[in-house]
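Protein chains in written order, with my numbering: chain R, 47 to 156; chain H, 99 to 214.
Hints listed in this document are in silico derivations from the structure and should not be mistaken for laboratory results. Mixed in with the good hints there might be a few duds.
Straight-line alpha carbon distances no greater than 16 Å define the calculated EDC-like cross-link-like pairs of lysine to aspartate or glutamate that follow [said to hold, decoys possible]:
1) K107/H x E86/R
2) K181/H x D136/H
3) K96/R x E86/R
4) K83/R x D128/H
5) K181/H x D128/H
6) K169/H x E113/H
With beta-carbon atoms standing in for the labels, derived distance ranges [claimed, not checked]:
7) A55/R x G161/H: 40 to 46 Å
8) R193/H x K113/R: 28 to 34 Å
9) K181/H x E62/R: 40 to 46 Å
10) H84/R x S120/H: 19 to 25 Å
11) Y108/H x L126/R: 38 to 44 Å
12) P156/R x T118/H: 42 to 48 Å
13) R193/H x T122/R: 28 to 34 Å
14) K113/R x D152/H: 34 to 40 Å
15) A123/R x N126/H: 24 to 30 Å
Quick caveat: nothing in here was measured; it's all calculated off a predicted structure. Every residue gets a Cβ at the ideal spot worked out from N, C-alpha and C, and that includes glycine.
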Amino acid sequence: QQPVQSPQAVILREGEDAVINCSSSKALYSVHWYRQKHGEAPVFLMILLKGGEQKGHDKISASFNEKKQQSSLYLTASQLSYSGTYFCGTVTGGSYIPTFGRGTSLIVHP
Amino acid sequence: DGGITQSPKYLFRKEGQNVTLSCEQNLNHDAMYWYRQDPGQGLRLIYYSQIVNDFQKGDIAEGYSVSREKKESFPLTVTSAQKNPTAFYLCASSRERAGGPRETQYFGPGTRLLVL
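Please work from the sequences and hints to get the whole structure.
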């Protein structure tokens with residue numbers, strides 16, 4: 047079951063903050079976050095694990111609410127380089143392969 | 099430098115033709131994956147392999163075939179049975195055989211397939 051990401055798109059000015067949400071209909075083992083620039087490979091940002099362990103990027107933070115089966119990615123003081131499409135991938139058990147959402151497009155203007 | 103290479107960057111397919119997309123990794127990863135990306139659809143899993151000489155269908159395997167004869171290589175063939183092959187194809191790998199909820203996937207640069 048594909049996770050649902052919101053919003054679909056965000057437009058910001060440099061220095062503003064953004065939150066991207068990822069919701070699952072099933073219990074989550076882990077959530078993976080990636081950023082993709084147009085025509086390029088997705089780049090790993092962060093993984094959040096059941097139980098609270100978190101591995102990833104030191105300039106981007108995220109939360110993992112097991113009860114609500116949700117994760118949120120927090121981008122603070124956004125930079126032009128933050129522009130791209132953000133994907134969450136959820137691991138819900140059975141298979142350990144992430145299922146990816148449709149992505150959230152983030153555009154940061156000067 | 100370790101990484102994943104995909105070739106070619108762009109590929110054109112004629113009607114009724116089979117084409118093969120290459121994916122090679124030198125990360126010594128056990129698991130490899132193929133995804134298809136369409137605008138607004140996210141990444142959809144085509145096939146994955148957890149070990150040499152073994153592979154499993156993903157969510158959209160129809161019209162595709164794969165092989166895993168070497169640990170480093172996981173080519174994808176788009177057959178003539180795939181009626182809508184135009185998409186961006188991404189290959190990925192992860193370290194451990196079982197994947198695991200902790201395992202990060204590393205992606206190659208992708209191949210864009212276009213139908214003439």
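Pairwise hint evaluation, E113/H against K169/H, where the allowed Cα distance is 16 Å at most: violated, 32 Å
Falls inside 40 to 46 Å, the C-beta gap from K181/H to E62/R? For E62/R against K181/H, whose Cβ atoms are near 44 Å apart, the range 40 to 46 Å holds.
Check whether the Cα positions of K107/H and E86/R lie no farther apart than 16 Å. holds, 10 Å
Satisfaction of the hinted span 28 to 34 Å by the C-beta atoms belonging to R193/H and T122/R: holds, 30 Å
At the C-beta level, are Y108/H and L126/R separated by a distance inside 38 to 44 Å? violated, 28 Å
Holds or violated: K83/R and D128/H, Cα atoms, limit 16 Å. Cα-Cα ~27 Å, so violated.
Mind checking the hinted window 28 to 34 Å against the Cβ distance between R193/H and K113/R? Holds, since R193/H and K113/R (Cβ atoms, about 30 Å apart) stay within the stated range.
Just to be sure I understand the hint, the distance between the Cβ atoms of A123/R and N126/H should be within 24 to 30 Å; is that true here? violated, 37 Å
Restraint status (C-alpha distance of K181/H to D128/H at most 16 Å): violated, 31 Å
16 Å limit on alpha-carbon distance, applied to hinted pair K181/H and D136/H: holds, 14 Å
Could you see if the CB distance from K113/R to D152/H stays within 34 to 40 Å? This hint holds: roughly 37 Å between Cβ atoms.
Under the criterion that the straight-line Cα-Cα distance not exceed 16 Å, is the pair K96/R, E86/R satisfied? Measuring from Cα to Cα gives roughly 30 Å; hence the hint is violated.
Hint violations for this structure: numbers 3, 4, 5, 6, 7, 11 and 15, all remaining hints satisfied.
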